[in-house]
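Asks: Listed below are the residues making up each chain.
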Amino acid sequence: MERVKVAAVQAAPVLADRDATIGKVIALAETAAAEGARLVAFPEAFVPGYPDWVWRTRPWDATASTLYARLLDQAVVVGSPATDRLSDAARRLGIWLCAGADERDENGSTLYNTLLCFAPDGTLAARHRKLMPTGAERLVWGTGDGSTLTVTETGFGRLGGLICWENYMPLARAALYARGIDVYLAPTWDNSDVWVPTLRHIAKEGRCYVIGVTACIRATDLPDDLPGRAGLYGGPQDWLSRGNSTIVGPDGEILAGPLTGEDGIVYAEIDVSAARTARQQFDAAGHYSRSDILRLTVDTTPHAAVAFRGVDTGEPAPGPAEAR
Amino acid sequence: MSVLRVAAVQAGYVLMDRDATIDRVAELTAAAARDGAELVVFPEVYVPGTPIWMDTRPIWDGDEEWFALLADNALVIPSPASDRLAAIAAEHQVWLVVGAQEREPHGSTIYNTVLYFSPGGELAGRHRKLVPTGSERTVWGMGDGSTLPVIDTGLARIGGLTCWENYMPLARFYLYTRGIDVWLAPTLAAGDGWIATMRHLARENRMYVIGINPVLHAGQIPALFPGRDRLLPAAYLEANGPWLEEGNTVIVGPDGTVLAGPVRQREETLIADLDLRQVASGRRHLDPAGHYNRPDIFRLHVDTSPRPAVTETAIAGTDDQRA
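Line order of the protein sequences matches chains A and B. Under this note's numbering, the first residue of the first sequence is numbered 1, with each subsequent residue one higher. Under this note's numbering, the first residue of the second sequence is numbered 1, with each subsequent residue one higher.
Note that these hints are calculated values from the structure, not bench results. Honestly, I wouldn't trust all of these hints.
Said to hold, decoys possible - One-sided excerpt, in silico: chain A residues whose CB lies under 7 Å from chain B:
id : residue
1  : L72
2  : R200
3  : R295
4  : V298
As the list claims (entries may be wrong) - DEER-style ranges, computed between Cβ atoms:
id : chain 1 : residue 1 : chain 2 : residue 2 : range
5  : B       : L237      : A       : R3        : 33 to 43 Å
6  : A       : E262      : B       : D255      : 24 to 34 Å
7  : A       : A62       : B       : A280      : 27 to 37 Å
8  : A       : R3        : B       : D192      : 22 to 32 Å
9  : B       : V3        : A       : A136      : 22 to 32 Å
10 : A       : R179      : B       : D23       : 20 to 30 Å
11 : A       : S147      : B       : D35       : 48 to 58 Å
12 : B       : H301      : A       : G94       : 50 to 60 Å
13 : B       : L224      : A       : D283      : 11 to 21 Å
14 : B       : L237      : A       : S291      : 38 to 48 Å
15 : A       : D283      : B       : D19       : 35 to 45 Å
16 : B       : W60       : A       : D283      : 17 to 27 Å
17 : A       : A136      : B       : A87       : 27 to 37 Å
18 : A       : T123      : B       : H301      : 31 to 41 Å
In this text, a Cβ means the ideal position worked out from N, Cα and C, and glycines have one as well.
Just need the whole structure built from these sequences, with the hints factored in.
Replies: Rendered as structure tokens:
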């Protein structure tokens, strides 16, 4: 396989400002592309930022509700001018552009924590909605279904990933291993010192490259007009996230990072044939599985809350028997 | 009190000498019990030690004598040797967990097995490794789904997987669903990557994790060991150093913090007090088999039935009918 350079961008979003944050994504992607990166990854919910206030506010109080309204307004809708800008940047730069987003359906009021991957031809090649938010995150994000557990062929390896503590879901990981994932994205907000061991474990379990990418943001990075800013946030020592971006090779060895306490772009050269060779030793979905004993089934059906039969789909209206 | 004192014994075995190695189990368990341990854990295939020829030479390259020695020194259940291990547990009133190379009474296939003896001197559980790794596949058979125990000691639910089985996400998940509190990972895996895995597992299921390795220096293998020169080729020792087993024993808390170890290149018994309340409270953050699972999307099917090679059926009266 082709040896390529990949980049993990550790930066601060312009929190709750979608268009300004997309401007930052494009500028940083340009920098990484100029360094030769063919894949550029941004952190969890980077556009327009991780709703850190869920950990600082009381559920349902006025500030939390105001902030939710702001996030809903600034969320990313797929197929909107916001995703068009990201798509155009991927095409213009000829890169895989992968970014976390607070995303919603066009007519929806529920936010999802989504990982978007744009291909170098500008198509939205993958959209993964986090299956299970963590703790206070459950107050702002809904849950994705099994239809977005996909792995995409890039030409230099099969690309996919899970978001933050989804990476502690053994069955979700097993599904991606079975799809042959080679390049595993792990955008996160997790700042703990156990996170890097987790990235190393996943690399070794999946014998894949793992790109961990984390935001780096402190209170002084927050826009002045963020609702509740003065009451919730302090000065330069008030870190929302110090960052933890790390790239790990298929034997669990750290190739770059962890980068902590500063903005930056972490680069590594990857060669997916090394990952596939490493699976001679261990292949969780192949010779090191026991499909006679342990069999996983995954429901990949998209689950919409309402299906409009005979209205939007053009299918015939139900006959008399069905109507009864 | 919800505190369990555990001892993770990193020690050398007496290579391919079952009874002398069980002597070491007796001595080291007695010492751990004196320190107040209620659960004492020994490494992977500690009895009678790792079949190290599988990595020091090409496969089937003059190993017949060693395999015969292994078959002769493998543990059979029940036998005087397994009775002795049970008696050691009873004498010291501990849960005794020991890795052993095990075989059926009339069998010639060796299994990589972990045995759980209760303080009452009963064999409370046994786990045969499901998949051996690489060269191990030329020495060990594979266990079936009937030996994936999680044992309630009254204070904690204990169990675990052996060495690289710990990289099997589905096997781990199955044990998570059964409420395991203390995860035992007997292993031969050296190095920091393994410690990362131990920390990951602890955090993934918010449980205590104990990784237990043997430690063995080439100098500990007796000069009279059969074929010793062929067993330890100079080129192998030059490339890999004199530590055949470097050790890596570690105890990790439910948030992924290392509580003791890793200890390397020496014998040592790590002792730690495990507060089981931390498991329960940790799972409010993350419970992979509960609120952090998606059973609407993922369904794991586990076949736990024993799979003997033969099921014999005698039909009464067959001969009469034929006559």
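Asks: Give a verdict on every hint.
Replies: Here is what the structure says about each hint:
1. L72: 24 Å, violated
2. R200: 4 Å, holds
3. R295: Result: holds, 5 Å to nearest chain B Cβ.
4. V298: Holds - the Cβ of V298(A) comes within 7 Å of chain B, reaching about 6 Å at its closest.
5. L237(B) / R3(A): 33 to 43 Å: 35 Å, holds
6. E262(A) / D255(B): 24 to 34 Å: 26 Å, holds
7. A62(A) / A280(B): 27 to 37 Å: The hint (27 to 37 Å, Cβ to Cβ) holds, given that A62(A) and A280(B) are roughly 34 Å apart.
8. R3(A) / D192(B): 22 to 32 Å: Given a distance of about 26 Å, which is inside 22 to 32 Å, the answer is holds.
9. V3(B) / A136(A): 22 to 32 Å: Cβ of V3(B) to Cβ of A136(A): about 31 Å, so the range 22 to 32 Å holds.
10. R179(A) / D23(B): 20 to 30 Å: Roughly 51 Å apart at Cβ, these two residues miss the hinted range, so it is violated.
11. S147(A) / D35(B): 48 to 58 Å: Check passed, 54 Å falls within 48 to 58 Å.
12. H301(B) / G94(A): 50 to 60 Å: Given about 44 Å between the Cβ atoms, the range is violated.
13. L224(B) / D283(A): 11 to 21 Å: 41 Å, violated
14. L237(B) / S291(A): 38 to 48 Å: 39 Å, holds
15. D283(A) / D19(B): 35 to 45 Å: 38 Å, holds
16. W60(B) / D283(A): 17 to 27 Å: 24 Å, holds
17. A136(A) / A87(B): 27 to 37 Å: With Cβ atoms ~53 Å apart, the hint is violated.
18. T123(A) / H301(B): 31 to 41 Å: 36 Å, holds
This entry does not satisfy hints 1, 10, 12, 13 and 17, going by the numbered hints stated previously.
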